[in-house]
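Asker: From first to last, the protein sequence lines are chains A and B.
Under the working numbering, the residues of the first sequence are numbered 339 to 538, in order.
Under the working numbering, the residues of the second sequence are numbered 71 to 546, in order.
Quick caveat, the hints were computed from the structure, so don't treat them as lab data.
Ideal Cβ placement from N, Cα and C applies to all residues, glycine included.
One should not assume that every hint holds.
As the list claims (entries may be wrong) - Examples of chain B residues lying across from chain A (beta carbon under 7 angstroms, computed):
# : residue
1 : M78
2 : P79
3 : A115
4 : L136
5 : T145
6 : W171
7 : L272
8 : G311
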Amino acid sequence: MNSRDLVLGRLRAALAADPPTTTGAVPRDYRQSGALDLDRLVQRLTDYRAQVHRAAEDTVAETIAALLPSGATVVVPPGLPAGWLPPTVTVLPDTGLDNRQIGAADAVVTAAAVAVAETGTVVLDGSPDQGRRVISLLPDRHVCVVRAGQVVATVPEALTRLVPHRPLTWISGPSATSDIELNRVEGVHGPRTLHVVLLS
Amino acid sequence: MSQVFLGMPATAPAGVGHLRGTESFPRAARRALADPQLRRNLGHATTTIRAKSAAVIDELPDWAQLRAAGSAIKTDVLARLPELLVQLEAKVTEAGGVVHWAADANDANRIVTDLVRATGSDRVIKVKSMATQEIGLNEALAAAGIEPVETDLAELIVQLGDDRPSHILVPAIHRNRAEIREIFLRAMPGVDPALTDEPAALAAVARRYLRQTFLSTRVAVSGANFAVAQTGTLAVVESEGNGRMCLTLPETLITVMGIEKVVPTWQDLEVFLQLLPRASTGERMNPYTSMWTGVTSGDGPQAFHLVLLDNGRSAVLADRTGRQALHCIRCSACLNVCPVYERTGGHAYGSVYPGPIGAVLSPQLTGVADNASLPYASSLCGACYDACPVGINIPELLVHLRDQVPHPRAEATAMAAAGYTMDRPRLYEAAQRATRLGRLAGRRGRGLPPPLTGWTASRDLPEPPEQTFRQWWAQR
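Just chain A, same shape as in the assembly (with noise of 0.2 angstroms):
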């Protein structure tokens, strides 16, 4: 007997000595949907020590040459929009990239799927304008640009509008750890600036 069959007999049997009553409904009485509150992102994003700018389509340009230095190298997404990025900066488009070069650069910009007011979290999907995952995660820097239409008030909202079988991270704040006497410490191994530009 493999062990697939070993375990899924162990299982029926365990089930079977004393069968659940359960009926197997699910009371989803919680809250599906909110009212839609950018301010309240900003202040979840803030609360966790991400920098957030607000800024129009066409000075989204302007504001990322604030937040990087001149001559600064960024890792960029292959479909991320040309007009979001300065001149100010040199731009590595992400056409397979190694590693080192990666982790090298000063910052990343990508876009984003879905943004969660209420719990200040940003959701990448792998879309050409969010590029690979490694790409959001060597740099020390992450610039993220939201549009306002990609923010929903709750978590139950942004699952509806994600598809589970793209590569998904979901980023609130920069990385941290409460590993040190369980008091929240900003920057680890991820990005240890987060910078979300959000469009409106």
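Go by the hints and put chain B onto chain A.
Answerer: Chain B alone, transformed into the frame defined by chain A:
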């Protein structure tokens, strides 16, 4: 083993993994209680986390509804566990992953070791995982000449300090910043002796120390917080980004997951992604959550293996009352509110699962006889039940398990004798008269004689009254 027993629920085997302590809880607890530094560290940490968690839970008007939903989903999962696991297997396979089934710790360790060997790598990077701690995977890998590198900060502190984890969420909770600094100075090559004990400075040292290892290791081993049967999606919830490194950079990813971690639908994540961070780290959302489904071409590991682990879970499932322990999402809220855990810390429990949930999960996974003191490692105050985000009735389980603990023969004999006496009024009256003689012995003499001394080692027998109720009634 005969054919008849092959399909029967089985407990976790002894001699492998970390579910059994080497001494009883009271004995280990006594040593922990004598360590004032440990008690200060634990008191500080648990007080901090309780306040943070309560604040973010209070923000949600529908916490009670989420908790009820979480509990109902887990009840449904257990009722349909075989079918959901088969569905998960099909979906992961469809998405390019390979699913392995492990009946116990030895099985799982062998599977993972063989998979790592097949890649030719002599090192793996690890995301913090209770399942791999439970089965003693690090020891098995090391025995096979493979170096396991823990990348979670607290796990790293434990590994470098040659120590044992003492908390589900923060395995180094028993260490304060000064002790962590000393461990880093001792065990990390090239650390500047001017390193301060500022948490930010300590975190920065860990970042530098591990970066090269992340970039040069070809195999990662992780656990999983959730696995969605409907879609084949795995989820890992973390803070530091070490999880993202392990889940993204290597060529091969091996995930070891307890079979109870499966959830039926994608929608179910909306419940647990709200419950888990608020109950565990006291955050609205943890910094990073990664979700992946099989293999994504051009992004992340191109080989993905999922190891589904039983190791005693089928035995827990077989007990109608006991099976609710499998609802646990490893948030550790019950540890943080437990007056016993707060004073003894995690090591006293002997198992990788400490605190109230450990006191009910460990004995069930191993069989109660192997962890017989744990169901008593509680005052039954009920704080754990209130704190549990999926509503596990831990006090009920503790009492249920106490019933199954093999009791000393002397205790059973004494109880039988008491029962016999109470059934017979004349005998009972005589016994009551006899207890009055105990008054003459005074405070010191009020322990029970051997072999019943254990009973009165930590309890005072009440002083017998001058007059019994029956005597008073007769004289009235």
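Asker: Taking the hints in turn, state whether each one holds.
Answerer: Results for each hint:
1. M78: Since chain A brings a Cβ to about 6 angstroms from M78 (chain B), closer than 7 angstroms, the hint holds.
2. P79: At 4 angstroms from the nearest chain A Cβ, P79 (chain B) passes the 7 angstroms test, so the hint holds.
3. A115: Given a least distance of 4 angstroms, the restraint on A115 (chain B) holds.
4. L136: Holds - the Cβ of L136 (chain B) comes within 7 angstroms of chain A, reaching about 5 angstroms at its closest.
5. T145: Where the cut-off is 7 angstroms and the nearest Cβ of chain A is about 5 angstroms from T145 (chain B), the hint holds.
6. W171: 4 angstroms, holds
7. L272: Status holds, d = 6 angstroms.
8. G311: 3 angstroms, holds
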